[in-house]
Amino acid sequence: MKHIISALVLNKPGVLAHVAGMFAARAFNIDSLAVGRTDDPSLSRMTIVVVGDDRVVEQVRKQLAKIVTIVKVQDFVGHDMVARDLMLITVSCPGDKRAEIQALIEMFNAKVVDISPKSVMVEVAGPETKIEAFIDSCRPYGIKNVVRTGTVAMARYGRTQAENQ
Amino acid sequence: MSNKTSETVTDRPQRKPGSQIIVDTLIEQGADVIFGYLGGVVLPLFDKLYDAPIKFIIPRHEQGGCHMADAYARATGKVGVVIATSGPGATNLTTGLANAMMDSVPIVAITGQVRTDLIGNDAFQEADTTGITRPITKHNEIVKDPSLLAQTIREAFYIASTGRPGPVLIDIPVDMQTTEIEVEPPTKIRLPGYRIREQGHARQISAAAQAINDAQRPVLYIGGGVIAANAAEELRSVAKKANVPVTMTLMGLGSLDQNDPLSLDMLGMHGTAYANYAVQECDLLIAVGSRFDDRVTGKLKTFAPHAKIIHIDVDPASISKNVRVDIPVVGSAKYILTEMEKELVHRDRTEWFKRINDWKKRHPLRYDTNAGTIKPQYVIEEIYRQTHGDAVVVTGVGQHQMWTAQFYKFKRPRQFITSGGLGTMGFGLPAAIGAQIACPNEIVIDIDGDSSFNMTMNELCTAVQYELPVKVCLINNNFMGMVRQWQHLFYGQRYSCSSLQNPDFAKVAEAFGAVGFTVKDKAQVPDAVKKMLAEKRPCVVDFHVDKEENVWPMVASGKSLHEMDGLDIFEMA
Chain F
1 MKHIISALVL NKPGVLAHVA GMFAARAFNI DSLAVGRTDD PSLSRMTIVV VGDDRVVEQV
61 RKQLAKIVTI VKVQDFVGHD MVARDLMLIT VSCPGDKRAE IQALIEMFNA KVVDISPKSV
121 MVEVAGPETK IEAFIDSCRP YGIKNVVRTG TVAMARYGRT QAENQ
Chain E
166 MSNKTSETVT DRPQRKPGSQ IIVDTLIEQG ADVIFGYLGG VVLPLFDKLY DAPIKFIIPR
226 HEQGGCHMAD AYARATGKVG VVIATSGPGA TNLTTGLANA MMDSVPIVAI TGQVRTDLIG
286 NDAFQEADTT GITRPITKHN EIVKDPSLLA QTIREAFYIA STGRPGPVLI DIPVDMQTTE
346 IEVEPPTKIR LPGYRIREQG HARQISAAAQ AINDAQRPVL YIGGGVIAAN AAEELRSVAK
406 KANVPVTMTL MGLGSLDQND PLSLDMLGMH GTAYANYAVQ ECDLLIAVGS RFDDRVTGKL
466 KTFAPHAKII HIDVDPASIS KNVRVDIPVV GSAKYILTEM EKELVHRDRT EWFKRINDWK
526 KRHPLRYDTN AGTIKPQYVI EEIYRQTHGD AVVVTGVGQH QMWTAQFYKF KRPRQFITSG
586 GLGTMGFGLP AAIGAQIACP NEIVIDIDGD SSFNMTMNEL CTAVQYELPV KVCLINNNFM
646 GMVRQWQHLF YGQRYSCSSL QNPDFAKVAE AFGAVGFTVK DKAQVPDAVK KMLAEKRPCV
706 VDFHVDKEEN VWPMVASGKS LHEMDGLDIF EMA
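Chains F and E supply the protein sequences, listed in that same order. Read in order, the letters of the first sequence correspond to residues 1 to 165 in the numbering used here. Read in order, the letters of the second sequence correspond to residues 166 to 738 in the numbering used here.
Looking at chain F on its own, in the form it has when it is part of the complex (with noise of 0.2 angstroms):
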């Protein structure tokens, strides 16, 4: 099961070679990684997503509280919350294909950040289902190069349960 785990971090260096190093010694799959300054500039947020059972993720949250320079953790499973993904994705444009490929944009409610005779690029945020979908739609046009942030996610009003300790 796909856990997404957000750790507030000291923004120092060397505290994602230690995130990532932690992972790879302890044999924890990352499935995405996502890191940014927050509002504090003494602070980064860590949204990591991570396949595992339930005892292995709770053991992930463990080791990582237990890195003196992780300030806080915190597990969003079966909490509300939002979670976005951001894409920016090329794709073939032809220019008999532009009408189906713009309503296509239109549908998902992405956006075209730049244009070539031959292709489009588009953004596209949301729920990682929907970033799927549009790639997936985007198949039979001919997909030329895929960017993804990771997903990035916080909780809604309330508190979550899994709070770090």
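Note that these hints are calculated values from the structure, not bench results. Do not rely on the hints blindly, as some may be mistaken.
[As the list claims (entries may be wrong)] Chain E regions said to be covered by chain F (calculated; three or more residues, Cβ under 8 angstroms): (1) 353-362; (2) 472-482.
[To be verified] To give an idea of the chain E side of the interface with chain F (calculated C-beta under 7 angstroms), a few residues: (3) 300; (4) 304; (5) 512.
Idealized CB from N, CA, C, for every residue including glycine.
With chain F fixed as given, assemble chain E onto it according to the hints.
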């Protein structure tokens, strides 16, 4: 210097080079002994150590220095301090750091680093020390701002010694040592990502106490955490009050006097039959400061199959890592055992102790006492007898280590110093040196294997230089004994690469300036031990023991704890 000048100096904030600040902060943190080796980028630091009121011990290899600091910490309960230079100095520390990490030993390691403007340029003796040591330290940090030196060192001592202890490394570029900065008063330690829960949850403690009161066949399973928490006295009170037998891991030996009738001695792969049977038959297993290591549990699926499990540990990540725990209690063993004891009641458990005593009677640890050869166990028993069980005992890793754990009955915590988790061959001699410095008035004996000793015996030089009366008692079977035992049992006696050409260890000792003698005859063992104990200089006694003796009992890898081999071996003899 005139009075006037000194007044002006005190008026303005004092300025000192970083190297002096490092030394001052080490002294402030209570470092009275430091182990370490010089090198280019720690020269400014060593220059300041020259005048410092710190005893400095120079090993012959940084690994030795790290093991010395490790054993010093284990013997005293204080933080061990080790210094090494950049590059190879730092990489040589890694075995020692990993060893301390696995056994939760508080160490502060300081490494020099190339100048900050050279970092990343493949400079001479440059290595990514924080990168290399990240998985084998509790925490590490590179200091790139000299004003953070003092605070970083204070935090290192705090992190190393609190919670589940462990090694912390500080990497200090040479320019941080030479820059002059203003001395700031200490500020409060602020580590937002580091929280320790000392006091367990009151409801969990009550639940644990209730479970113990209700249990018919409980067993306390004690690890090194009890020793690290200085909770041996509290453990004894709990065991006595609730009347619960106690088995200890290799790291836990000494937390309860093994002469106590409640002691089941060591459990696990080479544990006693009565400890392993008791664990397999118990209805409640109370783990304190232990971590369900594979050498302890054997096959996990069938480990303590009838038991409800209580796990008391200061490290939440240890709980439910290997086994499912019914009553987890996160906190310091000292605090939790104290609180728990208040709620415990005495139970007779006559039936349970009858069974245990029956196992004890039927399966004591034994070996062939009538053999004509020197049996390793006999040497260890003789050392035990002549030291009245009071010596500080250190070991290498392998058969001799297991025999020591089996045949030396430890009385008190911090008496047995051994490499448990990492299993570091070569730990023995440097650790004995660290322990002897920690306990100048104790007899310190390194019961070592020939192969283990071969790895770090250059530290004899250190023992001679500092006039340390460490005793090395070699259980010399001319094999990597434990490897040979596995080849004997599981590889059809094909002794691939496990037999070594040894030097004449007695002559080696003499060449180093120590005392050395060889014992080949069983009848000479008592006198040799007596001579060794009386010796005031470092001393190596090379006991040529039975080459193919095996450690019994043994739970083969992947077997359940009760499936021990070797229980009947001496009954046939």
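Checked hints:
no.	hint	result
1	353-362	holds (count 6)
2	472-482	holds (count 3)
3	300	holds, 5 angstroms
4	304	holds, 4 angstroms
5	512	violated, 33 angstroms
Violated hints amount to a single one, hint 5; each of the other numbered hints is respected by the structure.
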